[in-house]
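S.K.: Order-wise, the sequence lines are chains D and R. Residues in the first sequence are numbered consecutively from 15, following the numbering used here. Residues in the second sequence are numbered consecutively from -15, following the numbering used here.
Just so you have them, the derived chain R footprint on chain D, three or more residues with Cβ under 8 Å: (1) 247 to 256; (2) 330 to 340; (3) 355 to 362; (4) 391 to 400.
It is worth saying that the hints were derived from the structure and are not from the lab. For glycine and all other residues, C-beta sits at the position ideal for the given N, C-alpha and C.
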Amino acid sequence: MDLKSLTAVELGKKIQAKEVTVKEAVEACFTQIDKVEKEVNSFVSLQKEAALKRAEEVQKLIDDGTLTGPLAGVPVAIKDNMCTEGVTTTCSSKILSNFVPTFSAEAVLNLEKAGAVVIGKTNMDEFAMGSTTETSYYGETKNPWNLEHVPGGSSGGSCAAVAALEVPYALGSDTGGSIRQPSSYCGIVGIKPTYGTVSRYGLIAYGSSLDQIGPVARDVTDCATVLETIASHDAKDSTSVERQDTDFTSALVNDVKGMKIGIPKDYFGEGLDEEVKKPILEAAEVLKNAGAEIEEFDLGLVKYAIPAYYVIASAEASSNLSRFDGVKYGYRTKDYEELHQMYKKTRSEGFGPEVKRRIMLGSFVLSSGYYDAYYLKALRTKALIKKAFDSAFAKYDMILAPAAPTTAPKLGSSLSDPIKMYLGDIYTISVNLAGLPGISIPVGQDAKGLPVGMQLIGDCFQEKKLFQAAYTYECLTEKKWVSMYDKTEAAGKEEA
Amino acid sequence: MANKISDETIEYVGILAKLELSDEEKEQAKKDMETMLDYIDTLNELDTDGIEPMSHVFPVNNVFREDVVTNGDNHEAMLANAPQQKEQSYKVPRTFA
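Just chain R, with the same shape it has in the complex (with noise of 0.2 Å):
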C-alpha cells in the first residue's frame, strides 16, 4: 500500500503551508510524507461506514453576544509587536510581484 508523493504534490503542498522548502527539504518531507501516510492508513482496516465525523466531543453551539467592545485601546502595544510599521499600520511588502 506504500504511498508515492509527487514532486507535484510536494510542490502543492508547499504552497498550500506557505513553505519555501530547499531540494533537499523536499526530498526529505516526501520520505516522511509517505512514511506518515503509510501509518496512517491503518485506519483503512477499520469500518468507519455510517459513523458520524465527531470533530468536538461535546456539542459546540455558536455563542451569540452583544457586539459590545469591553476591552481598550491597545493598539499602541500591539502594532510594537510588528517587524515592521508605518502610520500605525502594519507596513507589508508590495503584494503583486
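The following block holds chain D by itself, in its conformation from the complex (with noise of 0.2 Å):
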C-alpha cells in the first residue's frame, strides 16, 4: 500500500481499521524522507527513535480504544517554531541552536492528545521573518515542484514536507502570509483561522498581536479535521478566544449556492502575473457554476497594508526577540568581558541579517519621537483596513483572491531587494492586520508546473464558510492540483 499518498484522514481511518499500524505509517514518512529529504531540507530536526516509541504508546491506546479520532497514530511534522518539550526548537535561528524546551505548545498538545506522532521540526525562515525559507540558519528548503525554486516562507519547510508526501500535514503559522504563501506555492491547502482561534502559547512569538497557527495538509478536509483538533481556548493566551463554533468538519458541505463571492478588483489590477489570474479566475467560475454569486467590488487601501504591517510587526518583533541575550537559553557569544558587551555581541553573532534588519526597524519606530509618526499612524492605518473588510463582509460571505501574486520564486532571487520580496505578501496581509481566516487552495499551475493558490477570506469566525467553498471547488474539481507524487518521484530520481 502507498501510505504516503494518503491525506492524514484517510491514513487515520485505516489506522482505525487495523489496516496500518501506527509503526507502518510512521517508517513510511521516514522512506521517503530518506530519499526526497537530501534534495528537499524540510526539516531542521527529525525524532525518528522518538516517533517510533510514540508510535508503540499510540497504537497500544488505539488497540484499547482509548483514541478513536481521525488522527490518531498520524504522523505529523512541527514548525521549528512551536515549542516542543524535550526537543530542540530552533526558530531557524542561530541564537536558538541548542534551545530545548520544557514544555510544548498548545496546539502541540492538543495533538498529541488527539493521537499524533510527531516526526520532526520543519524549516523556517528565521524568526518567521522572511517570504521564501531562504533566512533559515540551517540552509534553504527546496520547492519539491522544482527544486530551483523557494518553497515560500516562512513555513517553507512544513509546506514542503506535505507536498513531498514526507508527512500527510504539518502545523504552520501566519503573521503576515506565512502559511497561506507557501501552501500556494507548493500546491497544498493551508489555512490562517481567525486570531484568538489556536492558542499561541508556546509559539515563539514575533508579531504577537499577527501570529497564529495554522495547519498544512493535501486537501480541506484534512485541514478542517486538524483545525477542529487543534483549536482551543487556553487560558494561558490572554488572546485566546472561547468559540463554541469549531466544529470545523460540519462545514465539509458541496455546496455553495446563493454564497455571495466578493472579488476585489484592487487585487487583480498591475502586478498580478497573467499565469496566476487566469487559473484563479478560472476557480472562480467553477465556484460560480455551482451556484455561487460571484461579483467584483473595490476593497481599498491595498497598497497600504505592507507599509502598515511592516510598522507592527517589526515594532512588536523588536521587543519579542529582546529576551535572546545569551542568558536563559541559546547561543552567548565566546569572548566578553562585561554584561552589556556580552548581550549585544551575542545578538549580534546570534541573529541573521533579516531579523537584525527588522529588529533595527522595530527599535527606530517605537523610540521616542518617531513612535506617533510611525508606530500610531500604522495602528491608525489598520483600523481603516479592518473598516474596509468590515463593509466588503456587510455584502460578501467571503473574498476571492490570489495567494500571491507570482508562483514561486527561484532561489535566490528575492533576499537582494527586501520591498520586492515584502510586496509577494501584498494580498495576504492584510488579512493578518484585521485579524481574519483565509485558506489557501491550489486551483492550477504556471507554464513552468509550478502551483497556483486561491486565497478564499473570511469575515472573523466564518471559517466554516471557507471551509464549504474550498471543499466544494475540490469537489468539482476532483483535486485535480493536489497530487505530488509523480513530482516527487521525480525529484528524487534527479537525485539518483
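Reassemble the complex: the two chains are provided individually, in unrelated frames, and hints are given to aid placement.
M.R.: In C-alpha cells form, the structure reads like this:
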C-alpha cells in the first residue's frame, strides 16, 4: 500500500480499521524522507527514534479503544517555532541552536492528546521573518515541484514536507501570509484561522498581535480536521478566544448555492502575474457554475497594508526578540568582558541579517520622537483596513483572491531586494492586520508547472464558510491540482 | 521625501536594539532603513485624523485569576538551557565595566 500518498484522514481511518499500524505509518514517512530530504531540506531536525517509540504507545491506546479520533496514530511535522518538550526548537536561528523547551506548545499538546505522532521539526525563515525559507540558519528549503525554486515562507519547511509526501500534514504559523503563501507555492491547502482561535502558548513570538498557528495539508478535509483538533480556549494565552463553533468538519459540504463571493478588483490589477490570474478566475467560474453569486468590488487601501504591517510587525518583533540575550537559553558569544557587551555580541552573532533589519526598524519606529509618526500611524491604518473589510463582509460571505502575485520565485532571487520580497505578501498581509481567517487551495499551474493557489478570505469566525467553499471546489475539480506523487518521484530520481 | 538616517541615529537605534553592528553593517542598515521609511511614508497619503489606533482587532481585557501555582518545579530542566550556571542560578558577567 502506498501510505505516503494518503491524506491524514485517510491514513487515520486505515489505522482505526487495523489495516495499517502506527509504526508502518511512521516508517512510511521516514522511507520517503530518506529518499527526498537531502534535496528538499524540509526539516531542521528529525525525531525518528522518539516517533517510533511514541508509535508503540499510541498503537496501544488505539487498540484498547482510548484513541478513536481521525488523527490518532497519524504522523505530523511541526514548524520549528513551536516549542516541543525535550526536543530542540531553533526558530531556524543560530541563537536558539541548542534550546530544548521544557514544555510543549498548546497546539502541539492538543494534537498529541488526539494521538498524533510528531516526526520532526520543519525549516522556516529565521524567526518567521521572510517569504522564501532562505533566511534559515540551517540552509534553504527547496520547492518539491521544482528544486530550483523556493517553497515560499516562512512555513516553507512544513509546506514542502507535505508536498513532497514526507508527512501527511504539518503545523505552520502565519503572521503576514506564512501559511497561505507557501501553501500556494507548494500546491497544498493551508488555513490561517481567525486570530485567537488557536492558542499561541509555546509559539515563539514574532508579531504577537498577528501570529496564528494553522494546519497545512493535502486537502480541505485534513485542514478542517486538524484545525478542529488544535483550536482551543487557553487561559495561558490572554488573546485566546472562547469559541463554540470549532466543529469545522461539519462544514465539509459540497454546496455553494447562493453564497456571495466578492472579487476585489484592486487585487487583480497591476503586479498580478497573468499565469496566476487565469487559473484563479477559472476557479471562480467553477464556484459560479455551482451556484455562487460572484461580483467584483473595490476593497481599497490595498497598497497601505504592507507598510503598516512592517511597522507593526517589526515593532512587536523588536520587543519580543529582546528576550534572546544569552542568559537563560540559547547561544552566548565566546569572548566578552561585561554584561552589555555580552548581550550585544551574542545578539549580533546569533541573529541573521533579515532579523537584525527588522529589529532595527522596530526599535526605530518605537523610539521617542518617532512613535506617533510611525507606530501609531500604522495602528490607525490598521483600523481603516479592518473597516474596509467590515464593509466588504456586510455584502459578501467571502472574498476570493490570489494567495500571491506570482508562482514560486527562483532560489536566490528574492533577498537582495527586501521591498520586492515584501510585495509578494500583498494579498495575505491585510488579512493578518484585520485578524481574519484565510485559506489557500491549489487551483492550477503556470507554464513551468509551478502551483497556483487561490485564497478565500472570510469575516472573523467564518472559517466554516471558507471550508465549505474550498471543499466544494475540491469536489468539483476532483482535487486535480493537489497530487504531488509523480513530481516527488521525479525529484527523487533527479538526485539519483 | 527621501529619509536620511544619520550616523548618530543608527548608533542610537543600535543601542536600543542591543546590536553591535560593524561599520559595513551600519552603512547597510542606514540604506535599508532609509528605503523602508520612504516606503512606509506612503501611509502619510492616508487621512487618519480622528481614527483610534487599533492594537488588537478584538477587545482585549486583562484576564484576572487567583495567583495559584499550577506548574511543577522545573528548575533543573530550565537551568540546563542556560549557557552558564552557578549554584542553581544563571551566571552572567560583571555588570559594570
